[in-house]
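Let chain A serve as the given structure and place chain B on it in line with the hints.
Here are the chains, one letter per residue:
There are 2 protein chains.
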Amino acid sequence: MRIVLDALGSDNCPDPEVQAALQAAHEFGDDILLVGPADLLRDKLEALNGTTAKVQIVNAPEAITMEDKGIKLALKAKRREAKNSMAVGIDLVKSGEADAFVTAGNTGGALATGYYRLGLIPGLERPALTALFPVKDGHTVVLDIGANPECKPEHLYQFAIMGSIYAQKVLQIDDPRLGLLSNGEEAGKGNQLIKETFPLLEASELNFIGNVEGKELFGGEADVVVMDGFTGNILLKSSEAVAKLLIDSLREELMSSFRTKVGAALAKPAFGVIRKMLDPAEVGAAPLLGINGLVFIGHGRSDAYALVSAIRNARKAVEAKLLNAIQEAIEDQLAQAALPGES
Amino acid sequence: MRIVLDALGSDNCPDPEVQAALQAAHEFGDDILLVGPADLLRDKLEALNGTTAKVQIVNAPEAITMEDKGIKLALKAKRREAKNSMAVGIDLVKSGEADAFVTAGNTGGALATGYYRLGLIPGLERPALTALFPVKDGHTVVLDIGANPECKPEHLYQFAIMGSIYAQKVLQIDDPRLGLLSNGEEAGKGNQLIKETFPLLEASELNFIGNVEGKELFGGEADVVVMDGFTGNILLKSSEAVAKLLIDSLREELMSSFRTKVGAALAKPAFGVIRKMLDPAEVGAAPLLGINGLVFIGHGRSDAYALVSAIRNARKAVEAKLLNAIQEAIEDQLAQAALPGES
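Protein chains in written order, with the numbering used here: chain A, 1 to 343; chain B, 1 to 343.
Simulated from the structure, these hints should not be mistaken for lab results. Some hints could be false.
To be verified - Below, a list of computed lysine to aspartate or glutamate pairs in the EDC-like style, where the Cα atoms sit at most 16 angstroms apart: (1) Lys69(A) x Glu185(B); (2) Lys268(B) x Glu252(A); (3) Lys215(A) x Asp248(B); (4) Lys136(A) x Glu253(B); (5) Lys94(B) x Glu81(B); (6) Lys244(A) x Asp137(B); (7) Lys244(B) x Asp137(A); (8) Lys78(B) x Asp68(B).
Computed from a predicted model, the values in this text were never measured in an experiment.
Only chain A is shown next, with the shape it has when bound in the complex:
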């Protein structure tokens, strides 16, 4: 197996990436293709005494950064002769020289580059950004978290198919429970999009448990939850912001007196569980579903340990033949939709 790692992804790149490439090559025995400025990466590897045949450097002198947006980003993602690490790395997946691409960089950049260079799975209407949300006793697959601010019911249906297959094949959840995010659990609740999506999911072969609200989502009552990308993005960012507000407020109070400081020191192991819940390393990376190739996006805050987790996720998807499984499921869906009298 050959995994491409974007050396210019994480907030502190390329050091975490160089370290992660070495660790992953060692741990998994795979080839890691590290994409970025060749000279710099060679120096970094040598400094770590890490010149191993298992980590191959692929030169890409440029980067897509967090500042790249709009047309500038589209051009960087699209140009045939693009020399940024995402374009070069994703081209390796396209040519079959590698099995999956992993980055902790600009999410919109990875989406655009994957979309333009690999295209969509045939029959699929929209790609979806996926996230693994920390919930009670585990994680829940949530999509779309931002690729499509405007969605149709058929898009959400296809997200549901892809998310369910990902949960089944890669997270190894039998018959994953699927929820539709809405402003009420009852079947009639929701905006127009939800009301029209509900019957599609109900008529499908997916394990649809109905509408879910925040309580069910964070309570871990569904394995996969679908929504449009506008709602998903607000859900993701607000959840992060609430968690940050609570933790910051608690930290500030704990440090405000000697007594609470001592208490905090004694209680430290308990705070670990919160840190772990919000740690990028626990999630590793989530796939960009619908793109005709495996692209995994990790958190910008990823360190080497988190990047190794990200590579581990990508490996599982390759081993589980995730892409084939989604391709087949979309073919099935289209074939069924074409049958007369079926709905």
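Just chain B now, kept in the frame of chain A:
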């Protein structure tokens, strides 16, 4: 001033309501009209030695409960001869016998009852459910959190006017900063609704600071944030669920060993700040904006202390002539919209 308190609102009603009515009458020197089953309320008041001329019981033998939904709820809210405490209480506001109605009961019930019995402010297209979100260093007015799952740009514009006036008149924030919740801060970000609402807010006389995300909202960077009711409801419920997940997980871990238990005991004052942030009493109650009368809705978990806070909020709105201010602002908006060449 005369405030109506729904005696059949909170999860533990009517005891917190009876206590709150007495406390509020004492604290504010106002008449409190306590609406519910007269015999029961009289007994409860007497048991508290609380027979004061300041607390007047108004008989309403029935209640709108959390189980009331759909058509059943609409009928209870609408019927002229309705005998439930919300209908009877809101009729007192309609007839001018009272200045404001306060309940900690079914939000949808208060919305429907207010809407059917008081109607909308002339020229206003949709009422909005409002919440005060705990944010860094204070609270932010958020609307709509669920009255309108489907909104048009003009609705969000009117929500922005109403929310800004509420922040200014009742929360006494000069020139409140207004944000539009979106999936990105840049002006071009958002779904169709956001893209069309942005220029309306920008051209208005409101202090529009642009699109905001979860980070800005919970960071306290806006005083008022508007959104459609579907998104707002998901934002509200997910935020509550994330907070609950974090607190439950932390509590569980703190109780898991002797050492962390001791730490938790010492650090207890620090946890108070979190409890306070999420405490209904800190917020009291938020208004139903757009209804042609003052209706305040508190959290179902409200105790007597929280209900007194709710009554305090309602009093401030009466004193600030909130309803008149919104009526005038909507008139102004319509007059401006009618001017040729203006937009």
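Now for the hints, and whether the structure bears them out:
no., hint, result
1, Lys69(A) x Glu185(B), "holds, 12 angstroms"
2, Lys268(B) x Glu252(A), "holds, 13 angstroms"
3, Lys215(A) x Asp248(B), "holds, 13 angstroms"
4, Lys136(A) x Glu253(B), "holds, 13 angstroms"
5, Lys94(B) x Glu81(B), "holds, 14 angstroms"
6, Lys244(A) x Asp137(B), "holds, 14 angstroms"
7, Lys244(B) x Asp137(A), "holds, 14 angstroms"
8, Lys78(B) x Asp68(B), "holds, 13 angstroms"
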